[in-house]
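6 protein chains.
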Amino acid sequence: MKLICQLLFLFGFLSLSMFVTPAPASAQLITFPKQELIDYTVQNPFDRMPDGRPQVPDDLIERARDLSSEEVWAVLQDKGYNNQYADGFQVLHPGKMLVGRAFTVQFMPVREDVDKVAQGKAKQTLGKHLFNQTAIDMLQPGDVLVVDLFGKKVGGTIVGDNLFFYVNQATHGGGLVVDGSVRDLNGISEIDMPAYFRSVDPTPIGNVMLTGINVPIRIGNVTVMPGDLVVGDREGVYFVPPQFVQEVLDKADETHIHDEWTKKKFAEGKYKSSEIYGSPSDPKLKQEYEEYLKKRLDEIHKQRSK
Amino acid sequence: MKLICQLLFLFGFLSLSMFVTPAPASAQLITFPKQELIDYTVQNPFDRMPDGRPQVPDDLIERARDLSSEEVWAVLQDKGYNNQYADGFQVLHPGKMLVGRAFTVQFMPVREDVDKVAQGKAKQTLGKHLFNQTAIDMLQPGDVLVVDLFGKKVGGTIVGDNLFFYVNQATHGGGLVVDGSVRDLNGISEIDMPAYFRSVDPTPIGNVMLTGINVPIRIGNVTVMPGDLVVGDREGVYFVPPQFVQEVLDKADETHIHDEWTKKKFAEGKYKSSEIYGSPSDPKLKQEYEEYLKKRLDEIHKQRSK
Amino acid sequence: MKLICQLLFLFGFLSLSMFVTPAPASAQLITFPKQELIDYTVQNPFDRMPDGRPQVPDDLIERARDLSSEEVWAVLQDKGYNNQYADGFQVLHPGKMLVGRAFTVQFMPVREDVDKVAQGKAKQTLGKHLFNQTAIDMLQPGDVLVVDLFGKKVGGTIVGDNLFFYVNQATHGGGLVVDGSVRDLNGISEIDMPAYFRSVDPTPIGNVMLTGINVPIRIGNVTVMPGDLVVGDREGVYFVPPQFVQEVLDKADETHIHDEWTKKKFAEGKYKSSEIYGSPSDPKLKQEYEEYLKKRLDEIHKQRSK
Amino acid sequence: MKLICQLLFLFGFLSLSMFVTPAPASAQLITFPKQELIDYTVQNPFDRMPDGRPQVPDDLIERARDLSSEEVWAVLQDKGYNNQYADGFQVLHPGKMLVGRAFTVQFMPVREDVDKVAQGKAKQTLGKHLFNQTAIDMLQPGDVLVVDLFGKKVGGTIVGDNLFFYVNQATHGGGLVVDGSVRDLNGISEIDMPAYFRSVDPTPIGNVMLTGINVPIRIGNVTVMPGDLVVGDREGVYFVPPQFVQEVLDKADETHIHDEWTKKKFAEGKYKSSEIYGSPSDPKLKQEYEEYLKKRLDEIHKQRSK
Amino acid sequence: MKLICQLLFLFGFLSLSMFVTPAPASAQLITFPKQELIDYTVQNPFDRMPDGRPQVPDDLIERARDLSSEEVWAVLQDKGYNNQYADGFQVLHPGKMLVGRAFTVQFMPVREDVDKVAQGKAKQTLGKHLFNQTAIDMLQPGDVLVVDLFGKKVGGTIVGDNLFFYVNQATHGGGLVVDGSVRDLNGISEIDMPAYFRSVDPTPIGNVMLTGINVPIRIGNVTVMPGDLVVGDREGVYFVPPQFVQEVLDKADETHIHDEWTKKKFAEGKYKSSEIYGSPSDPKLKQEYEEYLKKRLDEIHKQRSK
Amino acid sequence: MKLICQLLFLFGFLSLSMFVTPAPASAQLITFPKQELIDYTVQNPFDRMPDGRPQVPDDLIERARDLSSEEVWAVLQDKGYNNQYADGFQVLHPGKMLVGRAFTVQFMPVREDVDKVAQGKAKQTLGKHLFNQTAIDMLQPGDVLVVDLFGKKVGGTIVGDNLFFYVNQATHGGGLVVDGSVRDLNGISEIDMPAYFRSVDPTPIGNVMLTGINVPIRIGNVTVMPGDLVVGDREGVYFVPPQFVQEVLDKADETHIHDEWTKKKFAEGKYKSSEIYGSPSDPKLKQEYEEYLKKRLDEIHKQRSK
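Protein chains in written order, with the numbering used here: chain A, 1 to 306; chain B, 1 to 306; chain C, 1 to 306; chain D, 1 to 306; chain E, 1 to 306; chain F, 1 to 306.
If you're looking for bench data, these hints aren't it; they were derived computationally from the structure.
One or more of the hints may lead you astray.
Since the list can't tell identical chains apart, any single copy or any two copies may satisfy a pair.
Distance condition first, Cα-Cα at most 35 Å in a straight line; then the derived DSBU-like pairs of lysine-lysine [as the list claims (entries may be wrong)]: (1) Lys294 x Lys34; (2) Lys123 x Lys306; (3) Lys121 x Lys294; (4) Lys34 x Lys121; (5) Lys306 x Lys153; (6) Lys270 x Lys302; (7) Lys153 x Lys116; (8) Lys79 x Lys302; (9) Lys123 x Lys302; (10) Lys121 x Lys302; (11) Lys34 x Lys251; (12) Lys270 x Lys284.
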């Protein structure tokens with residue numbers, strides 16, 4: 001679907017040389033310099049992207065495809081992080097997990113005096129106007145585009161099917177979370193990338209200004225930091241601070257085995273639920289479980305080390 | 001599901017000779033004589049149905065099956081028609097487009113003194129009581145039944161599976177839009193006709209009176225005129241005034257080609273999104289696009305003229 | 001998903017000998033002794049379960065798999081039972097009917113002084129703490145677990161995938177209705193048991209106390225009695241008092257035949273809807289229908305008596 | 001507050017000679033000729049206004065100032081009129097009763113093709129454009145302006161403080177009920193006329209077209225007929241068909257006396273509530289009440305006949 | 001307003017001898033025998049009413065008139081009682097504190113088979129039908145009537161102005177909290193008793209059955225026990241377990257003095273807020289405060305001991 | 001009401017020397033340096049505060065007390081500023097105008113890793129922890145405290161009655177707008193400062209972190225800039241960019257006179273509404289109005305220049 005010309009006055013765009021390097025995020029109203037980003041994500045145990053974001057490694061991202069909201073919850077609540085989960089979205093492909101690194105974008109209601117200044121700065125530093133594609137053009141493989149459009153429906157459509165197609169290409173199927181809307185749902189439905197949005201509307205994005213790229217944003221009750229690991233299932237989306245990723249994944253291995261064993265025992269039909277679950281009440285069963293757990297963990301680790 | 005007898009006192013019905021011709025719409029509380037309908041749809045460029053409704057031609061209806069909400073939006077907002085879209089419905093078959101001519105029906109909360117007069121008039125002019133089937137019996141192939149039941153859930157069920165089956169037969173799969181509810185969802189789900197409704201309830205229609213057939217009605221924020229082209233996708237429903245149908249369809253051809261080309265370029269992986277979309281920034285790419293557009297339009301027109 | 005240990009202080013659990021017989025329901029805040037249950041369901045025409053609940057026979061439960069909400073509505077409204085239907089649920093498997101005997105459970109917001117007394121009583125009478133699994137362990141084949149968690153989302157999750165798996169085993173696929181939430185939706189989706197819930201959340205059940213097992217509870221606008229026949233389709237859930245089950249099923253046989261015949265006539269394309277439906281207006285058609293009805297009923301009865 | 005010029009293109013206005021007689025209601029999209037109005041309100045026992053509306057007499061309107069919603073409910077539900085009550089409004093002056101004859105106005109979402117035709121007709125028949133003041137200029141003493149603006153907030157503001165002032169003058173304090181909004185709440189609050197509205201907004205009315213004057217309209221779950229007696233208290237608004245006005249008022253006399261006596265007995269502190277209310281259980285008390293009722297009714301009638 | 005006769009079939013009533021002693025609560029569907037009530041409120045430090053409810057002393061009830069929601073919150077959250085507060089009510093007299101002992105009543109949706117049994121039991125034990133006045137007749141001075149009508153609006157009206165007048169008399173101005181509605185708001189507004197309700201409707205109570213008197217009930221997120229101290233201000237209602245009443249009141253004395261002193265210091269205009277509040281940062285100010293606190297507490301205690 | 005100690009770990013506080021000068025706003029997660037503020041409010045025609053905010057002069061603030069939402073709307077929509085109005089608040093004192101300069105504060109959901117860094121920075125630069133009083137201590141006479149607490153109710157209480165008292169003192173009655181809640185409503189109601197909030201709750205502020213002081217924030221659909229003129233009436237709140245203040249006030253003078261004249265003419269009872277309003281249709285009346293306008297404007301200007 002074509003972005004309609006009449007609306008473009010809000011953002012405009014110019015020809016520019018190809019493959020721009022990620023722009024210094026200084027043209028927007030809200031800025032969050034690379035050093036600030038590094039300071040505020042100091043617990044990150046991994047490398048960083050060129051733009052300063054923590055870079056959760058690709059192999060951990062792959063492992064995260066087996067997570068569920070509950071497995072993330074188990075570790076994060078234990079750490080006292082109770083504000084990392086957002087739900088209430090329409091889920092585009094309920095059976096497809098969302099996993100990737102948060103690339104955050106913030107919009108605010110347009111206000112001409114402010115926008116004029118921002119656009120002036122953008123022209124100077126970027127050589128072009130600020131608009132949604134300014135951020136979209138910066139996406140990297142493994143990114144999930146996370147957008148604060150403050151729940152806007154009409155004119156809160158971050159992408160239609162063309163840009164959704166582009167995001168899929170650029171992020172290698174990373175995904176989209178928008179506290180706002182999308183358009184062209186018919187077209188989008190045919191593209192196999194996970195997406196979480198509040199609503200759908202035929203209007204293009206408008207009456208807003210791009211105010212931040214890779215700044216801290218709020219999605220529901222979550223403060224999302226650039227580089228958070230984004231994990232979405234049928235229920236909702238978790239934003240996992242990088243320092244907890246390894247632990248979340250390791251605990252999830254145990255949970256998967258626990259669930260495997262629990263269901264196996266239930267399937268035998270000999271036990272009441274409380275004899276087996278949360279954990280076996282009979283010491284012999286407990287031992288059986290612990291041996292099973294050890295054996296299966298070993299198998300998993302061997303397989304992974306190949 | 002049988003319409004339960006106890007409720008029928010509201011509407012009742014009588015034996016009548018077969019194949020009644022469309023009744024003069026004068027028995028209802030709100031009337032909109034054929035001449036008024038013609039006057040108020042004076043911009044209609046097509047023929048008219050015997051009841052006076054604009055008759056968008058069958059071949060255009062077929063072409064409209066490829067439309068999306070965004071393509072209709074693009075033309076209508078350009079004309080200043082911003083009140084032609086309704087959403088917030090449950091969509092029965094999300095992958096199936098709704099297309100057809102609006103056949104409008106209006107209900108209001110029952111009020112015995114008024115209903116009694118209307119029923120008296122109906123008996124005189126129609127030889128039978130007014131009830132939902134009075135309107136349903138008038139449906140023609142290509143019609144979409146569009147019903148204002150003011151969002152009513154309990155007793156706001158325009159049809160169950162039997163009448164839904166009939167509507168499908170009578171309209172040749174045209175479809176249903178109701179600002180109200182349906183019943184027998186299990187049965188309805190098995191019938192391959194598009195339908196948009198607010199809710200589902202086991203009660204039959206009741207505590208309402210039929211107040212208008214093919215009168216102007218309101219669905220959400222839309223004033224729907226009899227004969228409007230109804231177009232529904234996964235997002236919602238557009239009611240297109242007949243005078244804009246041709247332009248909507250022609251512009252959509254271009255958009256389809258634009259999207260085709262845009263995605264093809266994105267798939268090459270060489271461009272940032274803003275270099276290609278909304279329109280190519282590089283003059284050479286622009287020319288490439290324009291040649292592609294011309295070629296594909298020619299192909300489409302040739303194919304259509306066969 | 002493991003029930004997280006930190007939350008267990010609310011309920012706790014102890015080792016106990018296997019296969020406990022259904023506990024006397026006297027440990028909970030709200031009690032409903034077996035004799036009371038029998039008194040208040042005095043119109044039950046069937047046998048009773050050992051716990052006193054009416055036992056709708058298995059063959060009627062099987063026949064009930066062909067019911068729809070509308071068919072239950074038809075009989076119950078005729079009897080003046082207008083408060084037996086609840087909707088507004090998320091339906092786990094929309095194409096799969098829910099049928100079974102109501103096993104009711106009630107929770108209330110936790111209040112430590114009250115809970116402490118209840119837990120003390122539970123230890124004495126049951127030898128263990130009260131928690132959700134206390135009720136789940138009592139489920140029998142053919143039961144539907146019906147839970148009043150007063151619409152709670154966070155901490156209102158009656159089961160995750162492990163316990164959902166257990167409920168499926170224990171009830172032989174009976175099902176779940178909860179005015180509250182579930183967790184582990186990804187895992188639950190893979191288990192082929194019908195379920196109706198208000199929402200989904202990653203938290204385990206918490207901040208509540210189990211206050212009643214097989215007591216009268218309220219789900220939406222329904223007073224549910226233990227042993228009611230639970231019937232759920234795509235629309236919602238009916239709770240049928242046992243004394244009406246036979247009549248509901250017999251009337252439904254007629255309705256199925258009526259719908260069969262009606263659609264067959266509509267498919268012939270010769271009639272307006274009101275000539276055939278609700279009932280045929282032409283005496284000859286009426287007779288045709290009545291003969292068809294008689295013939296088909298005979299066939300059904302023969303087949304069933306085999 | 002000035003109606004802002006930019007918005008006026010929707011309605012426009014022209015100089016016209018003073019004191020126009022009520023216009024024939026034929027310029028709007030929805031028409032309801034005087035004869036139709038008379039036919040559909042055939043049970044009206046009173047005279048009629050020049051425009052055909054039933055004219056509930058002034059003395060009955062005065063007596064209606066003592067009514068409450070419950071007293072109207074008592075008679076109307078007895079007659080089977082269950083759809084005459086609307087609530088959910090903001091009530092401007094909660095302590096001030098709303099009483100008068102319904103003057104109904106209907107708006108629908110603007111649609112240029114339709115509006116153009118209507119405006120053309122209006123110029124011919126009225127010599128001016130159609131807009132909200134077209135209806136407001138027709139108001140008579142004793143009228144209540146009842147407006148269907150389909151719940152619209154932004155641009156759904158039927159009046160600001162200037163026109164509210166005018167309505168107060170023209171109707172002699174009759175009042176306003178709008179399923180829409182008002183503006184200038186600060187100014188309106190200082191004017192002592194009852195008003196019921198859904199919301200408040202600073203925008204002037206816009207993006208709508210006037211589609212009917214003194215036609216049947218829907219307010220919430222009520223079909224309002226022109227000339228209905230409008231009665232509003234702290235709770236909501238009743239629209240009383242003229243044929244029931246006398247009975248409502250007479251029954252209310254009895255209820256007032258009943259309440260007077262009941263509270264007097266309660267104040268004595270000697271009785272349990274059920275000994276006195278609904279009606280006295282002790283035959284002696286019953287007789288006491290009946291004598292009191294008779295005496296007080298006589299007093300009232302005497303006073304009224306003065 | 002008279003309770004309309006047609007509705008009374010639900011409850012009915014009979015003549016009965018005057019001044020019945022509080023009925024054994026055994027006629028209702030849900031029972032909570034006196035011994036259970038005593039067991040579950042074992043921490044009660046005060047005397048008990050004849051019906052077993054904890055009897056918070058009259059002088060403490062008087063002192064509680066100076067409480068605010070925040071002062072109750074301060075103690076209860078400290079004890080881990082986070083589920084004792086309900087809000088979202090319409091507050092009848094926002095400036096008037098609600099204070100008293102909880103007298104709880106529960107209703108559930110009517111179900112004829114169950115209601116018939118309950119009514120039969122009621123006739124045997126009470127000599128009359130069960131209906132809302134059964135409970136109302138039992139009210140004692142100092143009680144607050146707390147009613148679970150599950151949020152019902154239409155037919156969920158626990159009282160109109162006559163019974164509200166009676167409740168005021170019987171409880172000596174105690175008050176009303178209903179998770180449901182009231183009727184006759186005009187009349188009720190003139191009676192100076194605090195009341196908290198969800199909505200207002202002209203219908204009398206109906207389509208429900210009285211299922212419990214002085215049983216544990218749920219109001220919003222609170223499990224209310226009979227005899228709880230009910231405290232309501234402009235914000236909402238706290239249900240205070242009797243064992244915490246003394247501490248709540250004593251802490252509130254300190255808070256009142258703290259606030260007095262804080263505002264006095266702020267009024268001097270010499271300090272930033274954080275220098276004084278939560279507690280003074282300067283040791284000299286801290287001492288000044290502590291001396292002030294001691295002096296004022298002494299004064300209060302002296303005055304109280306008079 | 002005392003801020004409860006257990007919650008204070010979130011913010012903490014330290015003794016500090018009196019009368020700190022406004023802190024450099026660099027300790028928070030989101031920063032907006034003074035130069036940025038100046039750049040983005042470049043159209044400000046007035047002086048600036050020491051912190052860089054535009055300083056709408058005191059006499060214009062005084063004149064703004066006579067404004068209404070509609071008068072601000074009239075100018076701002078004309079300039080294309082359609083996103084400057086927020087409503088849906090509880091208004092503390094509906095009859096009291098809110099006028100002052102925006103002092104903005106932003107909170108986000110707490111996240112320990114981020115908060116820890118921010119608190120570390122705050123200790124270094126401010127010598128104390130960041131918490132709500134950090135911002136409150138900076139308030140100046142004429143300020144309105146405008147707070148983004150993202151609609152939070154529980155734990156979203158920016159102030160209780162003690163701090164509300166302080167804000168009143170520090171701002172000289174300026175006022176409060178919070179997209180969140182307040183506590184101690186009983187106490188707050190007695191303080192004569194305008195306040196707009198979403199809800200009320202007994203909990204103190206918690207589970208949030210202070211992320212910005214005098215940064216751009218979003219309130220509803222408005223981008224609020226520090227130093228905007230805040231104008232609130234019974235309907236809602238306008239945030240007026242400083243560059244439009246003079247024009248808004250001057251146009252409002254004319255509107256006041258226009259309304260004065262219009263009502264005067266209506267009060268004469270000789271005109272239909274459309275003859276006088278929006279503007280007089282009769283040229284003679286038009287002239288009369290224009291002379292009246294001129295005369296009254298002269299009077300106003302004379303009075304003001306005194």
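Going down the list of hints, with the structure as the test:
In this assembly of identical chains, lysine 294 and lysine 34 lie within 35 Å of each other by CA distance neither inside one copy nor across copies; the values are 43 Å within and 47 Å between. Proximity of lysine 123 to lysine 306 under the C-alpha cut-off of 35 Å is found in neither arrangement, the shortest distances being 51 Å within a copy and 49 Å between copies. Taking the shortest Cα distances, lysine 121 and lysine 294 never come within 35 Å of each other, neither inside one copy (59 Å) nor across copies (39 Å). Taking the closest pair of Cα atoms, lysine 34 and lysine 121 come within 35 Å of each other both inside a single copy (18 Å) and across two copies (17 Å).
Taking the shortest Cα distances, lysine 306 and lysine 153 never come within 35 Å of each other, neither inside one copy (48 Å) nor across copies (42 Å). With identical chains, the CA atoms of lysine 270 and lysine 302 are at most 35 Å apart within one copy only, with a shortest distance of 33 Å there and 40 Å across copies. In this assembly of identical chains, the alpha carbons of lysine 153 and lysine 116 lie at most 35 Å apart whether taken from the same copy (24 Å) or from different copies (30 Å). For the homomeric pair lysine 79 and lysine 302, the shortest alpha-carbon distance inside one copy (29 Å) is at most 35 Å, but the shortest distance between copies (50 Å) is not.
Proximity of lysine 123 and lysine 302 under a CA criterion of 35 Å is satisfied in neither setting, with 54 Å inside one chain copy and 45 Å between copies. For a Cα distance limit of 35 Å, the shortest separation of lysine 121 from lysine 302 qualifies neither inside one copy, at 54 Å, nor across copies, at 45 Å. In this assembly of identical chains, the alpha carbons of lysine 34 and lysine 251 lie at most 35 Å apart only when taken from the same copy (32 Å versus 45 Å across copies). In this homomeric assembly, lysine 270 and lysine 284 come within 35 Å of each other (Cα to Cα) only inside a single copy, at 15 Å, whereas the closest approach across copies is 62 Å.
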